[in-house]
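Given the coordinates of chain A, work out where chain B should sit on it, guided by the hints.
Protein chains: 2
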Amino acid sequence: MHDLIIIGGGPAGLTAGIYAVRYGLDTLVLEKNVIPGQISTADTVENYPGFSSISGMELMQKFRDHAEHTGVRIQSADVKIVRDEGNKKVVITDDGEYEALAVIIATGANPKRLGVPGEDKLLAKGVSYCATCDGPFFGGQEVIVVGGGESAVTDALILSGIASRVYVVHRRDELRACSILQKRAFGTENISFIWDTVVQEIKGDELVEKVVLKNMKTGELTEMNVDGIFIYVGINPNTTMVDVDKTDVGFIKTNDRMESSVRGIFAAGDCRRTSVWQVVTAVSDGAVAAISAHEYITSIKYDQ
Amino acid sequence: MHDLIIIGGGPAGLTAGIYAVRYGLDTLVLEKNVIPGQISTADTVENYPGFSSISGMELMQKFRDHAEHTGVRIQSADVKIVRDEGNKKVVITDDGEYEALAVIIATGANPKRLGVPGEDKLLAKGVSYCATCDGPFFGGQEVIVVGGGESAVTDALILSGIASRVYVVHRRDELRACSILQKRAFGTENISFIWDTVVQEIKGDELVEKVVLKNMKTGELTEMNVDGIFIYVGINPNTTMVDVDKTDVGFIKTNDRMESSVRGIFAAGDCRRTSVWQVVTAVSDGAVAAISAHEYITSIKYDQ
Chain A
319 MHDLIIIGGG PAGLTAGIYA VRYGLDTLVL EKNVIPGQIS TADTVENYPG
369 FSSISGMELM QKFRDHAEHT GVRIQSADVK IVRDEGNKKV VITDDGEYEA
419 LAVIIATGAN PKRLGVPGED KLLAKGVSYC ATCDGPFFGG QEVIVVGGGE
469 SAVTDALILS GIASRVYVVH RRDELRACSI LQKRAFGTEN ISFIWDTVVQ
519 EIKGDELVEK VVLKNMKTGE LTEMNVDGIF IYVGINPNTT MVDVDKTDVG
569 FIKTNDRMES SVRGIFAAGD CRRTSVWQVV TAVSDGAVAA ISAHEYITSI
619 KYDQ
Chain B
319 MHDLIIIGGG PAGLTAGIYA VRYGLDTLVL EKNVIPGQIS TADTVENYPG
369 FSSISGMELM QKFRDHAEHT GVRIQSADVK IVRDEGNKKV VITDDGEYEA
419 LAVIIATGAN PKRLGVPGED KLLAKGVSYC ATCDGPFFGG QEVIVVGGGE
469 SAVTDALILS GIASRVYVVH RRDELRACSI LQKRAFGTEN ISFIWDTVVQ
519 EIKGDELVEK VVLKNMKTGE LTEMNVDGIF IYVGINPNTT MVDVDKTDVG
569 FIKTNDRMES SVRGIFAAGD CRRTSVWQVV TAVSDGAVAA ISAHEYITSI
619 KYDQ
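Top to bottom, those sequences are chains A and B. Using our numbering, you'd call the opening residue of the first sequence number 319 and step up by one each time. Using our numbering, you'd call the opening residue of the second sequence number 319 and step up by one each time.
Since the hints were made in silico from the structure, they are not lab data. Keep in mind that this is a model prediction, so the values were computed, not measured. Take these hints with a grain of salt, some might be off.
Remember, identical chains collapse to one label, so a pair may be satisfied in a single copy or spanning two.
[Unchecked claim] Here are the computed lysine-lysine pairs in the DSS-like style, where the Cα-Cα straight-line distance is at most 30 Å:
id, residue 1, residue 2
1, K406, K501
2, K443, K380
3, K619, K501
4, K443, K521
5, K350, K406
6, K350, K380
7, K439, K380
8, K571, K430
Chain A extracted, bound-state conformation (with noise of 0.2 Å):
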């Protein structure tokens, strides 16, 4: 039996395993991907400290090569089930099972894709799913924010700061934002509302160039020039195979050390519920998840 299992190895679960690793835990993290993180699809990253400008598969290769050289168990294995069993920990994989005093779900979130031609070929050229990112990528230039919801709104608002206009483009002819974010949107120059319309395709070579729009009431398609298109039509939390409280979408609700409503169980980075998604609250998570699990499993081992 390990002391310590962490399922995911982005970000938040190798900085877990790292600090799991450093208290002397026997500890291993499972990992479905070749290549584990949100962030390593980003093109490039500016706002991690210590690297003024990286990209997103490098930061998370140094992630890798931090945590290997800490001495951090890397596995390949897709987690089904994650069974409590009090203290002991069942973790149920594709390819056998796995024990453990404590768990720590790192598993990440996906932002949902609007599933239209151009979106996955010019992601991060162009394609975004998140202003605080890549915002600081388009100063000066023309972009489009797609949903009508709170992400949608508050993310139109950081790139009002930055880029030159922003266009809502919004499938019904209301926003769903709270009214506080409505009236500070409506009230920004450089902010203006497509209202009643979907993004059909996104084109551009090397990077986006243009959107193909339809008008949902008319069935009118037009052409728009946009240098950048910045996605908020929902996030999936990877968290099935895991049964603790969580949020209506399935993020985990924890407390602020990282500790899910099942003891020993643990949670860190985008899959838990939180409001900000970055590198920076993900290896924070992490840490604070290692520290909480350590003392869990000390109590475990003298308590008894």
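Showing chain B alone in chain A's frame:
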């Protein structure tokens, strides 16, 4: 008037600066020390993901380079008072006054020194104030922990999983730490207790070699060979300049958005109430504080 003034140029403050500038905020960082950040006193940092092993000084320089590269303005000034005037905050320094819509306090905290000969000279050469940070450098070695409170016993337990033997040196004949921690410590085979005793001197040439202990009851002096000494006699947050809700010892109370009890004043890093004092948590705090400050500043600009 600036949008945002950040007080403190350590990991938390500089990360807040990077995020704020990327949001397009007019941001000023005020720092009183030439070399800021508690971390810059660390000989080697091995738990900031991305750098397997780096000196604290070098890491701090990388943060500073990154901040300056992003366009963060860092000015030398010793802040005396932060005055809240509602939608305006006035920052009074030894070198004039500054105004901003919002302020982030990122002034850090300093562990209390024992104040004995050898302590300053051997800092980071075997003298440490944080087992999570420096414990792993003492694998298989013998260390002493000075203190009897929660931090001392928590870190003694951490060290017991790494060092070969841990001696807890305490000036009284009982611990202040909670009973559950005491029970674990007393039940741990490689933790010993030296009661009624204080450290009178730390000796060593390049590295810590021995400590001089004094029994408070008998006055007897003894020398003891050790490889490391971990000191837990308190911690001083640098927060006297601001009037917000604080703990008894002065840590600023915040919610998880880093908001203090006063609108428009935020806190990040070691100066706020937290149970974890790490570079990863400080940079995360800084990012979250900047995100919250940006939202607050947007609200001031648009909601009035």
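Verification of the supplied hints:
{"no.": "1", "hint": "K406 <-> K501", "result": "between (51 Å within a copy, 22 Å between copies)"}
{"no.": "2", "hint": "K443 <-> K380", "result": "both (23 Å within a copy, 28 Å between copies)"}
{"no.": "3", "hint": "K619 <-> K501", "result": "between (55 Å within a copy, 12 Å between copies)"}
{"no.": "4", "hint": "K443 <-> K521", "result": "within (11 Å within a copy, 59 Å between copies)"}
{"no.": "5", "hint": "K350 <-> K406", "result": "within (22 Å within a copy, 50 Å between copies)"}
{"no.": "6", "hint": "K350 <-> K380", "result": "within (19 Å within a copy, 33 Å between copies)"}
{"no.": "7", "hint": "K439 <-> K380", "result": "within (25 Å within a copy, 34 Å between copies)"}
{"no.": "8", "hint": "K571 <-> K430", "result": "within (21 Å within a copy, 36 Å between copies)"}
When each numbered hint is compared with the structure, no violation occurs for any of them.
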